[in-house]
Amino acid sequence: MTKIQNLSRRNFVKVFGLATGGIILGCNVSGDKKEFVPSSSDKNSFSPNLFVNINKNGKITLIASRSEMGQGIRTSLASAIADELEADWDYISVEQAVGHEKYGNQNTDGSRSVRTMLEPMRKMGATVKMMLISAASKRWGISSNECVAENHYIRNTKNNEKIFFGDLVEEASKVKIPDTENIKLKEIKDFKYIGKNLKSIDLKDFTNGTAIYGMDKKIPNMKFAAIARCPVTFGSVKSINKSDAKNIKGVDKIIQIDRLVPPTGKFFGMLGGVAVIANNTWAAFQGKLNLDIEWDLGDNKSYNTDSYNQKIKKRLQKNGKLVPGSRGNVATAFKESKDIIEATYHVPHLVHAPMEVPNATAWFKGDSCEVWAPVQDPQTVRSEIAHFFNLALENVTVNVTFLGGGFGRKSKSDFVVEAVALSKEINGPVQVVWTREDDIKHSFYHSTSTQYLKGSLDKEGQVSGWLHRAAFPSIVSSFKPLSDYASGFELGQGFINNPYQIENFRFENAKAEAYVRIGWMRSVIHIHSGFGINSFVDELAAKANKDPLEFHLELLGIDRVIQGKSEHPFNSKRLKNVLKIAAKKSGWGKKLPEGHGLGLAIHYSFYSYVATIVEVSAKNKKIKIENIWTAIDCGLVLNKDNVKNQLEGAAVFGMSIALFGKITAKDGAIEQGNFDDYLMTRMKDTPNIDITIIDNMETAPSGVGEPGVPVIAPAICNAIFSATGQRVRTLPLIDLGLI
Amino acid sequence: MKSLSINGKNFSIEAQNEMPLLWAIRDIIGLTGTKFGCGLSQCGACSVLINGNLMKSCSIPISYVEGKEIFTIEGSSKNLEFLREAWHQGNVPQCGFCQSGQLIAATALLDKIEKPTNEDIDNAMSGNICRCGTYTRIKKAIHKAVELKMNDND
Ligand code: FES
Ligand code: FES
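In order, the protein sequence lines correspond to chains A and B.
This note's numbering numbers the first residue of the first sequence as -9 and each following residue consecutively.
This note's numbering numbers the first residue of the second sequence as 137 and each following residue consecutively.
Don't read these hints as lab results, they were simulated from the structure.
Just so it is clear, CB atoms sit at the ideal spot from N, CA and C, and this is done for glycine as well.
It is possible that part of the hints are untrue.
Said to hold, decoys possible - To spell it out: a stretch of chain A is covered by chain B in this simulated footprint if at least three of its residues, at any positions, have a beta carbon under 8 Å from a beta carbon of chain B; those stretches are: (1) 597 to 607; (2) 635 to 648.
Claimed, not checked - Just the calculated beta-carbon pair ranges, DEER-fashion: (3) 332(A) to 251(B): 30 to 38 Å; (4) 144(B) to 249(A): 43 to 51 Å; (5) 661(A) to 148(B): 38 to 46 Å; (6) 171(A) to 262(B): 41 to 49 Å; (7) 549(A) to 262(B): 42 to 50 Å.
Stated by the list, open to error - Partial pick of chain B residues on the chain A-facing surface, computed with a CB cut under 10 Å: (8) 151; (9) 156; (10) 248; (11) 249.
All chains should be modelled from the sequences, with the hints used to inform the complete structure.
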């Protein structure tokens, strides 16, 4: 049976660098479970991974084990503890944990941080509170029922005497920890912080320029490095002519590093190339520009996205591999139908392009190594370093800095491995900085997809059959070469768990080879499924001559709950509800100004339910996005304003995909390189964005960071149809001359 | 030896004429609040004020700024402080990385236009990319800063 443990008298104080003389509690949260999971009662094996510390000044420190990349996780986790503890928000601070298995799963992706950690955080807060109450009741000689915690004080309800939390810490640290089953959590209605609007705990550092991101780490005598990598993925160096680069002032050394190939199934390795070591970043960049390298381009030099897309499109005209989850008989449905429509949709490769480029600082010291880097998954980084450089795991320390955006890019550790390899070579600390061109040309790209859909309508204009064929290079190919079909987890992102109630449903997957490194980007495969499915339902609605809103609601069918394997069953009612609410907000059905149109999209991802309505206007064949209304049901909300901020950001991110996002390859090399040819949504493009958060505090929390993205592109395209009659089946809009 | 005046302080540094100001500030002087985002005048992460004018420090050589007044996010001015307060009230940042540049660009705007319209703001701020997408909050916060300033005056 597990517990929260009092670590105050163990050497955790030292290990975690906390102030002495307070209470330090640790508890164990495992993996992906939202529950507070019991572990063995064996004291020695108890390995806590969440920590809270309260000291004599009343200061409460939480060790945040997830990376902060703009999703507000530090603030959210702190609010859960503070609420149960009845703490004063001003006394709360958060420290970033280093990468260590002690902290349980630290991988910050899949929108799961809040999902898994809420309960344990609350229990930790409640435990500290109970210990403080118990200490106070002893001091006053009254029962603990006669004490209450209020805003950093314990109050004696009999005479209203108060003691400050900090003044009770000493005595409380000696109190026996309450058993888990005796921990009482607050009722939802009593929440003070949870579900309210909290400001980011890091605001001041963000606005003073004092937040330390990866590139801001400085070590005395540290060198700076830039790396030239082969323009074609996995190509290698044939020969180097170093002379020009060496002439740049500040350039120290030119070092060739070989590709590190990850073992099958895990890790990321690094691409290899030629590194310029210099005294400052600029000299390193200049040196790199002056390198004269002959490359062996390797097997991927044949990659041309234009011809590749044509090839895949052709492939989709034939049957693909039937995927489990299909049902009914599509062929018969088509035969007996009144109308049949077909459409093919395409989304190009995309790249994350977080505002802060990949970078890492490493100091390899022979039998140990320390790194400082903006990483989403510090534990993988740590294991990967231990693996490639033959170090004992405990001798590798990974310090997580702030992340200037991640979006999935920073869960790949290639850039950190590069820094370690170079530090080992030069025998001293070094910071590797990618240029923006490096970032855009050598990423783990969001997969490109092509989808063929065929649907039938019966006499009543109801969808009777649905055939969906999709092909996209799989993420698995980055871990297991020659994985040419999509994996189950990818198809489970919106394709086979299509939320509509369609009797005859068939899903096929076609082969798609990978010629670049494929990775996950915010919302991952949902970007494809959300675009294809929502666009096609809109086409079906038009064919059936029905209002898209009515049509979607009808197609969602009767209210039903699908349990599945997860602890978050799918509930079609919640999806209908967000759609109705977003529609109402947008004034769906109202008369619009000339040239305006509304479009809608819904999507279920990361267990959250999202609907978006977009209003566009068309003038002189150009489209302007006028309004975006998004409604989300993500269960219990920790920090409302943060959820709002995330959803606003998702709308902007989704707009970048719809309007501009396109990575192309020619002869194996990526053609885009910076924000002048890989465009981003800017303020002048940004419309009014209205976010509604469904009040559903009784339901377990689900994802927030990603679910707002997949709806944006299809809602925009459906709005364009409504405004102009033009169907957009290929992204981005800028290629169609619409922007 | 070159001498740079940043936020009213003088710094003597050893660097080549062509080095962009951004790298002199970050790597040599050690003020890391000014960020690198593109190196190509495209994103505004590196925004600073030179003699009061908004500039992208990744694209101006230090030879150009010698003898001029450089203002960075580590500095303080009346408008910047109102903007900071408005940024806090509006809980603007997500990852925060672009926000130094956003605040500097907004400072330049308020230094020139006392009460900017939405269009003024769009024009002044569209050189700054926020990949996290905090644009609507930034716009609101700029209006808020104007309001705070006006209330402060009376
Ligand atoms: S880094 Fe200077 S504008 Fe982007
Ligand atoms: S807050 Fe992350 S880039 Fe603007």
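Cross-check of the supplied hints:
Under the rule that three or more residues need a Cβ within less than 8 Å of chain B, the assignment of the stretch 597 to 607 of chain A is violated, with 0 such residues. By the rule of at least three residues with a Cβ nearer than 8 Å to a Cβ of chain B, the coverage given for the stretch 635 to 648 of chain A holds, with 8 such residues. For the pair residue 332(A) and residue 251(B), the beta carbons lie near 55 Å from each other, so the given range of 30 to 38 Å is not met. Hint check: residue 144(B) to residue 249(A), Cβ distance near 49 Å, so the stated range 43 to 51 Å holds.
Judged by the Cβ atoms, the range 38 to 46 Å given for residue 661(A) and residue 148(B) holds: they are separated by roughly 44 Å. Checking the proposed 41 to 49 Å range against residue 171(A) and residue 262(B) shows it is violated: the Cβ atoms sit about 57 Å from each other. Checking the proposed 42 to 50 Å range against residue 549(A) and residue 262(B) shows it holds: the Cβ atoms sit about 45 Å from each other. Of the supplied interface hints, the one on residue 151(B) holds, with its beta-carbon coming within about 8 Å of a beta-carbon of chain A, less than 10 Å.
With 10 Å as the threshold, the beta carbon of residue 156(B) comes within range of chain A, its nearest partner Cβ sitting at about 6 Å, so the hint holds. At its closest, the beta carbon of residue 248(B) sits 17 Å from a beta carbon of chain A; the interface hint therefore is violated under the 10 Å criterion. Hint on residue 249(B) is violated. Least Cβ distance to chain A is approximately 16 Å, over the 10 Å limit.
This entry does not satisfy hints 1, 3, 6, 10 and 11, going by the numbered hints stated previously.
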